[in-house]
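Colleague: Residues per chain, in single letters:
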Amino acid sequence: MSDATAPDDTMVDREPDSALAAVLAAAKRSDLGLVVLTLGLIYLGATLLTFTDGLNSVVGLLRTLTFLGLVYALSTLALNLHWGYTGLFNIGVAGFMAIGVYTMGIVVRSPDPAFGPPGFGLPLPVGIVAGMAMASLFGLIAALPALRLRADYFAIVTLGLSEIIRLTLQSSTFDTALRETLGVGTGGGRGMGMPQNPVRGLFLVDGRAGDPTALGAAVFGTLGEGGLGISNNILIGWGYILVLAVFVVAFYVLLERLGRSPFGRTLKAIREDELVADSLGKNVDLIKIKVFMIGCALMGLAGILWFGSQGNVSPSPQFEPILTFYIFVAVIIGGSGSNTGSVLGGIVFAAVLFEGPRRVGAVLRDTIDAPTPPTFGDAVAAADPVGLLAYATDNIAPLQFVLLGLVLIFIMHRRPDGLLGDRIETAAAVDLTRREGGERDE
Amino acid sequence: MSEPAADTDPEAADSPVEQAAQRTPSGLPLRVDGLRKEFGGITAVDGVSFEVESGSLTGLIGPNGAGKSTTFNCITGVHEPTAGDVYLNGEAITGLAPYEIAQRGLVRTFQIARELPEMTVLENLMLAPKNQQGESALRSVLPGLRGGVVDQEEQLRERAWETLEFFEIDHLATEYAGSLSGGQRKLLEMARALMTDPEVVLLDEPLAGVNPTLEEKLLDRVDDLRAEGYTFLLVEHDMDVIMHHCEHIIVMHQGQVLAEGGAEEIRTNDRVIEAYLGDDL
Amino acid sequence: MESIELLSPAALREHPGLAVVAAIGLLLCVDLLAKLAGLQVGPLGGSLSVARLGSNLWNGLVIGLVIGLAGIGLSMTYSILNFANFSHGDLVSTGAFTGWGVAFVVAAAGSQPLGALVTVRDAGDVTPGAIGAHVLSTPGAIVVGLLAAFAITAVVSLAIDRAFYKPMRDRGGIALLITSVGVALVVRYLIQFAYGADRRGITASVDGDTLATPLGVSVTAHQLTIAVAAIGLMVAMHYTLQRTKLGTAMRAMADNKDLALITGIPAERVVAATWILGGGLAGASGYLYVLLRGTIQFDFGWSLLLLIFAAVILGGIGSIYGAIAGGLVIGLVFTTSTVWISSDFNAAAAFAVMILVLLLRPEGLFGGVSTA
Amino acid sequence: MNGDSADVGTDADPNESAGATARTDHTLDDEAMLRIRGLDAGYGDLQILTDVDLDVADGEYVTIVGPNGAGKSTVMKTVFGLTTYMDGTIEFDGEAIEATPPEEIIHEGIGFVPQTDNVFPGLSVEENLEMGAYILDSVPQDRLEAVYDRFPILRERRDQKAGNLSGGQRQMVAMGRTLMLDPDLLLLDEPSAGLAPDLVDDMFDRIDRINESGTAILMVEQNAKEALRRCDRGYVLVDGENRYTDRGETLLGDEQVRQDFLGG
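Residue numbers (my numbering), protein chains in the order written: chain A, 330 to 771; chain B, 6 to 286; chain C, 152 to 523; chain D, 15 to 278.
Excised from the complex, chain A in its bound form (with noise of 0.2 Å):
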């Protein structure tokens, strides 16, 4: 098929030139397909990098890249909801995702100051709770008096209050005031240890390394180090992305019942206009504040899945305001508006623009035979190329923001839509291009 080169032209659906283009148009095709298309496409080039590495750092390379797009998709997803189907421009996500983080951890630590900052010592599951609707209230506290402002000026409160919420949880002072009130603190700039993973449980008893639980011992026994050498720990890594998975579709199936819905057509409309919205009888401020504390909910929660996960938490520079921006950036590659943009952006901001630099510079690195120059200054002077091509691979990292902010400025100037372009998606929880009542008799 793909050799029979059709000479004419004038067929609209011409027979794909290739079995990678047609593989391609089926992806397009399908939301899930491209998904997975673009996964293993970046499956495939981690691989190459690093199969000489043997099978534990290849597994455990997808294991980061996977875990990092997952945790942006979640984000991205969130942040959706506001800047893309409503058009709510929220730079505070960071502060949002710390207040989840932080109430979580705060609800869940053991009272005992022995431990570092003392908490409730209540059950995971209700820090989680907890830690959404504090997020949420946060959002309400700024959306309340905010959303009246004009977009720009919007911003800037929000990025405000986000850092005032990271300066806050930095400062001894506040930890010491909470500790004297309610008895639980923050540990300030040192930050706080987080509540242990379930999912590590599932796998070690307690927690413990080396006392693995039947699950454990199964595993470890097949894939891990008594079977194909994989580190016990990527193993459980993969545990929890299963779990990040099901967080996914869990968000993306509510974001996508709320955007196909009269409720996702109103939040459309205050976008696109809020004048004529209100004119229609929508209550916008109402909706507004809505949308934008179930957004912050969201966002705590991926606060939650995402630095709750990592042992320690602490306010920088993990919640500075650069977190929000590569969010942003993951927004809008994906083109805001499209649920499955978001689940793509992330992923694709997380593995390709994130992560992807700095292990492809490695490698580049490792092929280069030469010293790395101390400064700049020293690799320009020597006026030696590979000199200056061993500094810019050993300092793959700036030059990886540079990559991400050219790609947003390419995006902002040629791609406005976002790299998949227009992707909008119909807000009704029908399918608008059908009609049940059939053809009308005139």
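Don't take each hint at face value.
To be verified - Using 16 Å as the maximum straight-line C-alpha spacing, the simulated EDC-like pairs for lysine to aspartate or glutamate come out as follows:
1) B/K135 / B/E105
2) D/K239 / B/D90
3) C/K396 / D/D151
What the hints assert, rightly or not - Computed footprint of chain C on chain D, listed as stretches where at least three residues anywhere in the stretch have a Cβ under 8 Å from a Cβ of chain C:
4) 107 to 121
5) 125 to 138
6) 143 to 149
Since the hints were made in silico from the structure, they are not lab data.
Ideal placement from N, C-alpha and C gives every residue a C-beta, glycine not left out.
Place chains B, C and D on chain A using the hints.
Modeller: For chains B, C and D alone, kept in the frame of chain A given last:
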């Protein structure tokens, strides 16, 4: 719009008129009493009072700066009047928010059509109806409750299609509203307004930028709808339209009502002529 | 005049939020006076030395001048190009690094490796003290560095405009804002790539740095340099805007773009002037900020950005005099807030003031006529 | 031309009013300084003007009148490139200018006073006037003095911000600004709008004098009677089309004009 009239002949709409007469409350649909609006010392509207009869097409005209738009905005809740009252079916709606006024049955269109460009024509229409179950975030998400939402959506979709057919833009149903021509947008706006089940429709220059063929169509639709009992208040600069279609005309000048009456009365009123040609009164 | 009207009884009745803020402000002033007098009345008062308050105010003034200087450019791009420029903080950093590179070269060329000097880095065991960057020991280098900071940042700003913003002239403020976030990333991390990520000392310490101690407040040579330089630049800016044809055209364009167009004012030339002046002042302020703090780090401008925004919003977006006044207020809030709250919160207090102004008086405290 | 308008009225052939519905001999086709032919224009995809023809001869005083929304202001904005041009030609001194960008039109010798927002509120009166001469290397002091002589109140207020002036004074600033270049043609968009009634006559007198000093005027006016009484020639624009043109006085007496304003 229970009976979308494929037939545009006004004679055929007799029975809807009767139906409408039954459902219209005895009070006047719209009454403005002593309306006054000041902006930082400048009085834009200065004690305007008028009434709009049920099922009528009332024209509101006047030279530039006469205060028509401010009056319009005070009625629809965009501005809060400095003094005076607005009554909808006898109920005071003065100072309510635009959405509250719309929910009570008074809906407006805009001078420059404000379609929602990145929504399809059908979405634009389906946005409008009041009290949709699915406007509750919870209902549209929870599995047990979503069934009702879907049922209602199917009914709305049917109504939206009928309304689009009535305005003869059903072939555009799945287009993005932003891709419509200027005249089509005007039709879309009026269709969307009707989807809210209004008592009174305020039309702000519905014919600006509309070509003659479409203009005819739009006016036919308005006539059909009046026959069904809808009440219209129209701000329009096209005098031919005002004179030929409005049975009652209110002329504003310098923030006040200058004259009121039928077309012939207005056309021969010296004060109106003077106001339009620009002499001091 | 506007600020007096702001506190008139009628204005307060109309804006209850403003009244509450005014009441709190009054309370704080009373408290401050009580503290100075050493009185304690219930929760009010306490003790505070005149010297401490004086030093808070003086430090606040100096920081405020630097922030105000940076704010002028942000305000100008906001009013003439209609967008909130999120890369402005990184222009501040650009000026600091390039300016100090030049200052180092002037101060120590010949005695130190050129590469190290240009990249503002002490080579090997040579400390900033050995380079001797201090206004008392190498005044020429400090002045040349300031001029270089202005000039290089102006050129960089102009280049950025041509490359990234010019193709988007007809787009909305939000699209430009997002683009400026991208530009901010590009600039900040190119700085990191070229200059490294570490925080490092820049200025030398010399004997006799404290020039005077009126009322027990120590005034250092660098603080005085900053005050003189910042005020000098502000006066020059004022002169440019008020007395030159191009400056008047800039104000005209900020007032009314369409009218400027039909009056024959060449928009692109005015835009270029905006970037040159606004970017140059941002660079100069970054250079002066390093002179004040003595250290440099690739992202310090970015972390100053929100304070600069706070100053501009406080003064009323679009007004350069408002930006200067707003900068002073923010600087004073930043330093004197420590009388009441922990210094952990001084930046948070400045942000809180900004948010309050946006909510209660979005046109800014000082009028809000959008005239540069 | 105010002074001799009465003569024009008496000199006019009484039969001419009957011919007002057709285009009359008063159209100065080929010698016209500004020639508009078959102009279609609007905003975005919204067409406002259809096939508009219009001429202004050297030194002539022409007004465009018509009911609300007829597209009167759109004609002027289109000359200055501020609308969406669709079709037709605009020539000035024989040179096609329909594609000339707005900021360059002023180089042709045309000045434009928009109806609203026509001063720079944050600039002083003098700075506003100086901006009018931006395209020159230096501010021509004699022109500045001439403007001050024409509008003495502006000399008194030269250092005040234009934003603090009254409506009538702003209108003077706006006109003064365009006069700084001594334009051959001045476009005035509803100069009487928003003025207190006692100031309207004064404004029209000033416009007459500007015209008497040799500057051609193309004016859009809501106040049709006064405008037609004073101008050399008037155009009646209805629904984006020019219905007819004639001497102002002739149009003023025409029953058809009345009908156009109030609908037929």
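Colleague: If a hint holds in the structure, say so; if it doesn't, say that too.
Modeller: Results for each hint:
Our distance criterion of 16 Å between C-alpha atoms is met by B/K135 and B/E105, whose separation comes to about 11 Å. In summary, the hint linking D/K239 to B/D90 is not supported, as the alpha carbons are separated by about 36 Å, beyond the 16 Å threshold. Restraint check: the Cα-Cα separation between C/K396 and D/D151 comes to about 10 Å, which is no more than 16 Å; the hinted pair holds. By the rule of at least three residues with a Cβ nearer than 8 Å to a Cβ of chain C, the coverage given for the stretch 107 to 121 of chain D holds, with 6 such residues.
Only residues whose beta carbon comes within less than 8 Å of a beta carbon in chain C count, and the stretch 125 to 138 of chain D has 9; three or more means the coverage holds. Using a Cβ-Cβ cut-off of 8 Å, 5 residues of the stretch 143 to 149 of chain D lie near chain C, which meets the minimum of three, so the contact claim holds.
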